[in-house]
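Peer 1: Chain residues, written in single-letter form:
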Amino acid sequence: MAPTLPSGDQASDQDNWDNGRLARKRQLLTEIVLRNRLTALVVDGDTTCRVLEQLLLRSYEVQTQGVDNGRDAVALIASGVKFNLIIIDMILPVLNGLEATRQIRDMGVHCKMLGVTACSGESERQAFLAAGVDVFIEKPLDPEHLVPILRELDGQ
Amino acid sequence: MDLAALKTQLKNFVQSMFEEGVLDNQFSQIQALQDSTNPNFVEEVITLFCNDAERIVNEINRNLGYQNVDFSNLDSYVHQLKGSSSSIGANRLKLACANLRQASDERNKEGCLQALQLITCEYCLLRRKFQALLHLERSIVELETNQK
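If you read the sequences in order, they're chains A and B. 1 is the number of the first residue of the first sequence in this note's numbering; add one for each residue after it. 157 is the number of the first residue of the second sequence in this note's numbering; add one for each residue after it.
FYI, nobody ran anything at the bench for these hints, they're computed from the structure. Check before you lean on any hint, since a few could be wrong.
Just so you have them, the derived chain B footprint on chain A, three or more residues with Cβ under 8 Å [unchecked claim]:
id: 1; segment: 37-51
id: 2; segment: 55-63
Derived, one-sided and incomplete: chain A residues facing chain B with beta-carbon distance under 8 Å [unchecked claim]:
id: 3; residue: Ile91
id: 4; residue: Ala118
id: 5; residue: Cys119
id: 6; residue: Lys139
id: 7; residue: Pro140
None of the values given here were measured: they were computed from a predicted structure. Glycine residues also receive a C-beta, built at the ideal position from the N, C-alpha and C atoms.
Start from the sequences, fold in the hints, and give me the full structure.
Peer 2: Spelled out as structure tokens, the structure:
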């Protein structure tokens, strides 16, 4: 059967769908344009969280790497790789997020560190901040929290 | 069913999941990340999440089967499930994890078992709905491909 052109109604429904999706994307992702190339390290033992956080960062054209445990994060930083931003969970395999953060700070690393974790208690917040993260965010990492930080790092 | 009708059905189905509290706005963020460079992103993330979630629920089940429960081990599993649930927008499952977290903090094994029952129910509901959602998405992609 030869393909047929959509009727006027069908075309407008599809256009509405696509335009609606695009508008929602713009609204949800809070478009910003970074002047500088930023880099970020995501440290999360959970694959779903790590993939989502990396993709969110990449949607803002932040170059990202991901590791799934604290020991590898510390080793990567110790090898000399530099990042503008480190996003790190509190509970991690091998070496936990608190200790990994302390070790990274002890190396003299001063980049912005976000503690992004499923823990929501005040004691956890205080502990993570005391370990050296600059900001404590309860998961999920969302544009509302991330965009102001990216703007700050970009000097906007 | 034609393409427009399928898309409307998908939109309404996702909306019903929001209205029932099964999903929250975080899922909309994930949908917004899907584009032509990541056309199957939603399906990939859902698959990733479900594989991990099932593994974790099984581990929690196993841990609670021991006479002496290792609550710190349990904590790390609950933390992981709560985190991934939050990140994918699985609202009711995230809330169910909070119940288990509390029972675990109190070292209350019976409370943990009850909370795990709820987690299992919520996860099964979520998985069923995700499967229906993905079936609709695949049907849409198939129709769109055939129309090209």
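Peer 1: Determine for every hint whether it applies to the structure shown.
Peer 2: Here is how each hint holds up against the structure:
Counting residues of the segment 37-51 of chain A whose beta-carbon sits less than 8 Å from any beta-carbon of chain B gives 7, enough to reach three: the coverage restraint holds. Against chain B, the segment 55-63 of chain A contributes 3 residues with a C-beta closer than 8 Å to a partner C-beta. That satisfies the three-residue criterion, and the hint holds. For A:Ile91, the interface hint holds, since its Cβ comes within 8 Å of a Cβ in chain B; the closest pair sits about 5 Å apart. The closest approach between the C-beta of A:Ala118 and any C-beta of chain B is roughly 4 Å, which is under the 8 Å cut-off, so the hint is satisfied.
At its closest, the beta carbon of A:Cys119 sits 7 Å from a beta carbon of chain B; the interface hint therefore holds under the 8 Å criterion. A distance limit of 8 Å between C-beta atoms decides the matter here; for A:Lys139 the minimum to chain B is near 4 Å, and the interface restraint holds. Proximity of A:Pro140 to chain B holds as hinted, the smallest CB-CB distance being about 4 Å (cut-off 8 Å).
In the structure shown, no violation is registered for any of the earlier numbered hints.
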